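> Those sequence lines, one after another, are chains A and B.
At position 232 of the first sequence (counting the first as 1) the number is 599 in the working numbering, and the numbers step up by one without a gap.
At position 55 of the second sequence (counting the first as 1) the number is 58 in the working numbering, and the numbers step up by one without a gap.
No lab work stands behind these hints, which were simulated from the structure alone.
Please note that a few of the clues may not be correct.
Straight-line Cα separation of at most 25 Å, DSS-like style, residue types lysine-lysine; simulated pairs [to be verified]: (1) Lys386(A) <-> Lys459(A); (2) Lys53(B) <-> Lys618(A); (3) Lys53(B) <-> Lys386(A).
Distance windows between CB atoms, simulated [as the list claims (entries may be wrong)]: (4) Gly387(A) <-> Ser8(B): 54 to 62 Å; (5) Glu527(A) <-> Ser11(B): 53 to 61 Å; (6) Ser8(B) <-> Trp378(A): 28 to 36 Å; (7) Phe379(A) <-> Leu20(B): 43 to 51 Å; (8) Leu401(A) <-> Met39(B): 14 to 22 Å.
In this text, all values refer to a predicted model and were calculated from it rather than measured experimentally.
Heads up, the beta-carbon is just placed ideally off N, CA and C, and yes, glycines get one too.
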Amino acid sequence: MNKAKKMMPKWFYQMASPKGCYQITDKLLPWFTLSALCFLSVGAVWGLLFAPQDYQQGNSFRIIYIHVPSALLAQSIYITMALAGGVGIIWKMKVADMVAYACAPIGASMTFVALLTGAIWGKPTWGSWWVWDARLTSMLILLFLYFGVMALYSSMEKPEIAAKAAAILGLVGLVNIPIIKYSVDWWNTLHQPATFTLTEKPAMPVEMWLPLLVMVLGYYCFFASSLMVRLRNEILRREKRASWVKQLVAKV
Amino acid sequence: MQFESLMSFFQMDGHGLYVWLSYVITLVVLALNFVMPRRAQKKLLISLQKRILRENSDK
Numbered sequence: 368m369n370k371a372k373k374m375m376p377k378w379f380y381q382m383a384s385p386k387g388c389y390q391i392t393d394k395l396l397p398w399f400t401l402s403a404l405c406f407l408s409v410g411a412v413w414g415l416l417f418a419p420q421d422y423q424q425g426n427s428f429r430i431i432y433i434h435v436p437s438a439l440l441a442q443s444i445y446i447t448m449a450l451a452g453g454v455g456i457i458w459k460m461k462v463a464d465m466v467a468y469a470c471a472p473i474g475a476s477m478t479f480v481a482l483l484t485g486a487i488w489g490k491p492t493w494g495s496w497w498v499w500d501a502r503l504t505s506m507l508i509l510l511f512l513y514f515g516v517m518a519l520y521s522s523m524e525k526p527e528i529a530a531k532a533a534a535i536l537g538l539v540g541l542v543n544i545p546i547i548k549y550s551v552d553w554w555n556t557l558h559q560p561a562t563f564t565l566t567e568k569p570a571m572p573v574e575m576w577l578p579l580l581v582m583v584l585g586y587y588c589f590f591a592s593s594l595m596v597r598l599r600n601e602i603l604r605r606e607k608r609a610s611w612v613k614q615l616v617a618k619v
Numbered sequence: 004m005q006f007e008s009l010m011s012f013f014q015m016d017g018h019g020l021y022v023w024l025s026y027v028i029t030l031v032v033l034a035l036n037f038v039m040p041r042r043a044q045k046k047l048l049i050s051l052q053k054r055i056l057r058e059n060s061d062k
């Protein structure tokens, strides 16, 4: 046990205890909230006012600055949720369970935004709000997976059992993530291929993708900030009998 | 700046409705994500405080 303890840096063990996690997120939260606000407002103004029009899609292309980051985040949050749930099952780590729980509503809302902005973008571009295309269908499945996880949490009384059930559904649902990612390559689809890839240069000019990058950063900071607020609520709720929570509540 | 006037900025060459609708929906969802857990936190703290008061009076 002692040997295992030395494997990870100190902050890891602090984060793993509800009290330590509550204290660390208290310090991190304002920074992430502030950066989210800055990045998102700069990115939105840049994308709406200064980025050039697309030569084919005209101004409707500006939806990319909210559609792509939402879709990216929807999948990243899902992976975070599934992995946190897995860690919670394997190592019985309470904080990991709570992270998974806090991820679900944020992820569901991002998937919702991605689907809706995609539909709105599809109308002027493809002439239709919705098509049963591989990318769109797999994103819809992602939304239902989030709903399933949330339903499991709210239907079960004991948080430990709910966490286990939700984590298993989350892990099984992970197969959907590569399907979303490669749907545009595997099937004939209307949806355009990825804007950003790690290996190639973006196909669009710098004036177009730089604001997108800013928005993506803003969305990730927003997720971090949102996750921390929800996580802290959940820590207080589940640890309400702990003496540190009682002291903290008495002080407020 | 890509637009000459405020009107052309709102209209976006006929795509204004689509662009603004998506941005408004996104803004609303992000704002809800910001506000709702903070409200929940306030409620939670109040209920925890009441709980402590109850426990203390029981003793």
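> Please go over all the hints and tell whether each is borne out by the structure.
Hint-by-hint comparison with the structure:
no., hint, result
1, Lys386(A) <-> Lys459(A), "16 Å, holds"
2, Lys53(B) <-> Lys618(A), "13 Å, holds"
3, Lys53(B) <-> Lys386(A), "21 Å, holds"
4, Gly387(A) <-> Ser8(B): 54 to 62 Å, "55 Å, holds"
5, Glu527(A) <-> Ser11(B): 53 to 61 Å, "58 Å, holds"
6, Ser8(B) <-> Trp378(A): 28 to 36 Å, "53 Å, violated"
7, Phe379(A) <-> Leu20(B): 43 to 51 Å, "49 Å, holds"
8, Leu401(A) <-> Met39(B): 14 to 22 Å, "20 Å, holds"
Hint 6 from the earlier list is the only one contradicted by this structure; the remaining hints agree with it.
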